[in-house]
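Chains as they are written, first to last, in our numbering: chain Z, 1 to 289; chain Y, 1 to 289; chain X, 1 to 380; chain W, 1 to 380.
If you're looking for bench data, these hints aren't it; they were derived computationally from the structure.
Among the clues, some could well be false.
Below, a list of computed lysine to any residue pairs in the SDA-like style, where the Cα atoms sit at most 25 Å apart [what the hints assert, rightly or not]:
1) 117/Z with 142/X
2) 239/X with 272/X
3) 219/Y with 138/X
4) 93/Z with 113/Y
5) 370/W with 269/W
6) 269/Z with 370/W
7) 55/X with 66/X
8) 111/Y with 140/W
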Amino acid sequence: MSILVNTETRLLVQGITGHEGGFHSVQMLKYGTNIVAGVTPGKGGEWVLNGKIPVFDSVQTAAEFTGANASIIFVPARFAGDAILEAADAGIKLIVCITEGIPVKEMLQIKRAISHKDIRLIGPNSPGIISPPFTKVGIIPGNITKPGNVGVVSRSGTLTYEVVYALKQADIGTSTCVGIGGDPIVGTDFIDILSHFEGDSQTDVVVMIGEIGGLEEEKAAVYVANHMTKPVIGFIAGLAAPPNKRMGHAGAIIEGGVGTAESKINALKNAGIQVAHYPEEIPELIKKL
Amino acid sequence: MSILVNTETRLLVQGITGHEGGFHSVQMLKYGTNIVAGVTPGKGGEWVLNGKIPVFDSVQTAAEFTGANASIIFVPARFAGDAILEAADAGIKLIVCITEGIPVKEMLQIKRAISHKDIRLIGPNSPGIISPPFTKVGIIPGNITKPGNVGVVSRSGTLTYEVVYALKQADIGTSTCVGIGGDPIVGTDFIDILSHFEGDSQTDVVVMIGEIGGLEEEKAAVYVANHMTKPVIGFIAGLAAPPNKRMGHAGAIIEGGVGTAESKINALKNAGIQVAHYPEEIPELIKKL
Amino acid sequence: MRLHEYQSKEIFANHQIPVPRGRLASSPEDAKLIAEELNRPVVLKAQVLVGGRGKAGGIRLVKSPGEASDEASKILGSKIKEIPVRRLLVEEAVNIQQEIYIGMTIDRDSGSTLLIASGEGGVDVEEVARTSPEKIARVYVDPLLGLKDYQARNLAAEIELPRPLWRSFISITKGLYQSYQELDATLAEINPLVITADGRLIALDGKMIIDDNALFRHPDLVEKRDFSAEAPEEIEAQKFCLEYIKLSGDIGCLVNGAGLAMATMDIIQHNGGQPANFLDIGGGASAEKVAAALRIILQDPQVKTVLVNIFGGITRCDEVAIGIKKILDQIKTDIPFIIRLVGTNEKEGREILASANLETADTLQEAAGKAVQKSLEYAP
Amino acid sequence: MRLHEYQSKEIFANHQIPVPRGRLASSPEDAKLIAEELNRPVVLKAQVLVGGRGKAGGIRLVKSPGEASDEASKILGSKIKEIPVRRLLVEEAVNIQQEIYIGMTIDRDSGSTLLIASGEGGVDVEEVARTSPEKIARVYVDPLLGLKDYQARNLAAEIELPRPLWRSFISITKGLYQSYQELDATLAEINPLVITADGRLIALDGKMIIDDNALFRHPDLVEKRDFSAEAPEEIEAQKFCLEYIKLSGDIGCLVNGAGLAMATMDIIQHNGGQPANFLDIGGGASAEKVAAALRIILQDPQVKTVLVNIFGGITRCDEVAIGIKKILDQIKTDIPFIIRLVGTNEKEGREILASANLETADTLQEAAGKAVQKSLEYAP
């Protein structure tokens, strides 16, 4: 079993005729993902990816005609917020937004607007989800993972690749890897994903990769201490980073002394989580469990 | 037992130092309502109603200091929307808005904003709630009702008085009378109140008073037919009204042929509801039950 | 408050909605001048706030400045449905290929703004909605999020608008929604939005209704209000914030609350009479307001009886009584009054009226019966 | 993007926030002229985008136009924290009775904008927050509803502002929120907002930071951007949408993704080295962008080794390889490069680089170790 995605996932690609959307759709198809439709307004009626995938003008019609139940978004930043809401409005339950650069206040509104609906938004600025060996909804290279029993959740993009690749090099497989996105405001947080892994029969160990800024890792640490039975290995990037460019006095007052790499590492350790010093140390720690 | 209000109600009056707020606070106190606080920004620290009721600057502080669990709003229309949100934000669970004239789009936003919270908003443009003989949260004159087993729900203000007064003249008492408000957008609809009456042990008969416009009565008729075991008597005002000033083509297209007095009366009759021709016929119909 | 076509179009133009070039004319000379400036066939459109202008001769296509002057002199000063025409909008004529409808209003049922569009716009759009409802596309706008691009685009797709026009349609729809939001409108519509022979979208006619409760945010609109285009008694009523609608019967009604006012009219009809008006004095009316309301009722020459039905809650019966007394002191009239006061300060109200020689009633049914009787007996 | 004080104040003034009278001066003559116009003591404030201006001598109170000219000539052209002062804001001096703080920013934790106010504003407000957190009032603004009057009023009450100033405070707070919303700011603050000796509220200093991701909506701000007040290598980086922060070490890093860039810096440090910079080329970078990034790194005279760590997802290793090759063709350098390419089109990337004589690494640990080693060995 995997979390969030599986072989029942019927994926829609928003922005399928764009450069990135097209490229990664090919990658996803090759990996085995069941892409059922693409959406590019104004190009409805075309067929892409060697004539295999129909393109629709709207998510609404795409979902009606193909039964799509998940969507991945590759559209440019200034249209991506609209794309998220369009998918949500059309009843898509899992929305993965790869796009980076959506204005933060637009995301505040979107997150609030969908918060009362039964919708899971991953991202924005997320590398997506991969569940080896057959399903990926995102841009994580398929060949850097192998199936296994380690769940990975991360705020970073490429740092996530580094970790799953290091696992594979050490012959450790991944159950599902979820990049929740690196932006200040994302749809899904660590705790959501940790709780999924806790309930996932395929997952025996969880790797959580955080970075400086915000309080997500600290909150996740409390959650792990109180609700997780499975072992968690942590890594926090940013120890060598210069002190945050503080957001005026307001930012400093809000964040107080927290949000630094030290505070996060301490929070994880206090929750009984082992913390790696660098990505390639993670497989070593897992092997010692 | 009554619905929505009872002797546990600890009422806050927003706009207590205003003309209407002051007048009706005296009436409510006389009736027996437990008014615990008033709010008028800038007048916090004063005591009003013969020094019995403390005034606070904000609903937040008033609720903290007095344990108020319901609020009634008498502030002028252009501040009333803010007053509703202030009460909601301070955790008040029952908000009764008497004020008339709140712009309809402001109400759309407010209704949407509080729709996910556990808050009951009655009104705006409502005469409030009365549960004889001891509790009234509103402006319904106390002396025109008597305790009894008839629940009354109405979109109108003074037409409601007419009905409960006619009941009293015929020696029929009221369990609770709720004016849901006459504006196009109100916080609580007929069905909400009907379901409360259905579950209220004191209520044996329900009177529902509607008027032309909207589809509320038609929807309530369907609810009554499917979910109510208690008898319902209806009255619809507006048979002699000229055809609605239609809101352009859009209004005509949306409303189609429905929303007229005839359509509403038919809907009620089809649901097995007896419909009175004029308010004073209602007690006659109840006596024949 | 309804806006004139020219006002709506000004607002549209400020929100990037293409409208025909043109200006307002108050005289045949103006009309001629504008036609000369535009230097092509123009349309003269009477600026009156009533429907069916076209059929009543309020819209004319003319080919030359001279003809513009001639036709303008015929329309200006004429009346359309009782409203004198004082101003014309003189606009360039447009070559129409297709008429589209787009409008938005409050949808009580969903608690949101509902956008409607149809590829078959024009004056018969309501007929289209009745006979071919599938030709009407709908979109609900979340009141907190506002209109999103994808929603406008979905409308364009649903009404089968040619793709090259989508971008323009989205921009127009968003402009209309912004106009509607900024002006606190309860209705905004473009009908027809036309596709021109050269493949552009242009708003040929526009209508907006502003929420009276939000007019305090738009003092400029209130200032520019054209009272000459509205019925004088309704203007007077609005001055005092009274809801007044003139009807064809002979029993004048003064009631507090819209629901009770309608129920009062209904019971008059039920008793065989006909109400002369709908009049709601609202909640908490002052004596001045009551007096103003009665003055408006008494100005209607058809009125043979006045029925005052007040059920006091936030309205106080004593204030109403003072208002009645005031007007009866000011205006000498032999029209019979039936007064029914119940509720807040009822006793004080009755005492104030005790001195005046007025017929009272206890129940609504009794009051209605008496009023109908009096109206039949009344001979001025 | 940070705005200058004078820009923030212009925006504030457009949103009904009272600010001192004054203007921008680029020369001592300007400063004298403005002081003459204001005809009272003035304050000269250096417009540089760094904190601690006051302590660095960038703010002076002067009593006469002559003194204004003298002091201006001292400040203009001087440097504050490496940034040359080219412009001064010359403003009327204000008689301060109390300093208030008010600011707002994104609160990630609640997913909303958080407003903060304190009755003890000024430069030490962070100290107040640390030692007396109860003196900091907070209000969370729903992103869909916006700031409501009652919220601003509650802040006023909580910081014990005198009641006669509430109305003005609410108006200022709403004006600040509107500025923040309209400009897509991630921070807007007034510090201090002062109560003057004659009992008025006035914004004495202001700061705004605009969301770089929303700058496309504000072309005017981008146009007026004052690059002279920013570090040149950071300007260059922004031109190519690169995230670049100069640090004090000697190993230049080029990485895709902020998290991996930080992890790369961390592992350099873990291996005993020091990163010369943080540089994130973002996702899907083109060869041109990679080349620009390397040019910036190589311009830093402290750099002794370059570590390129790319883990391709949306970024393709072949594009990166092309960029590296390009820059090495353009710039002749003997600084050693350690290249690690993994992921999307890794094979193609390696092939492109095969011709160039570059050190590669398979693991991040290996790459970091080699980079530290090379940096120790390097002698230009």
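A quick look at each hint next to the structure:
Between residue 117/Z and residue 142/X, the direct Cα distance comes to roughly 13 Å. Compliance with the 25 Å bound is thereby established for this hinted pair. A hinted pair counts as satisfied when its Cα atoms are at most 25 Å apart, and residue 239/X with residue 272/X does not qualify at roughly 33 Å. Between the alpha carbons of residue 219/Y and residue 138/X the distance comes to roughly 21 Å, so the proposed pair stays at or under 25 Å and holds. Distance restraint check for residue 93/Z and residue 113/Y: the Cα-Cα separation of roughly 22 Å lies within the 25 Å cut-off, and the hinted pair is therefore satisfied.
Of the pairs offered as hints, the one joining residue 370/W and residue 269/W holds, with about 13 Å between alpha carbons and a cut-off of 25 Å not exceeded. Taking the CA atoms of residue 269/Z and residue 370/W, the gap is near 30 Å; set against the 25 Å cutoff, the hint is violated. For the hint pairing residue 55/X with residue 66/X, the CA-to-CA distance comes to about 23 Å; that is within 25 Å, so the pair holds. For the proposed pair residue 111/Y and residue 140/W, the alpha carbon gap of about 19 Å is at most 25 Å, so the pair holds.
Consistency with the previously given hints fails for numbers 2 and 6, ordered from lowest to highest.
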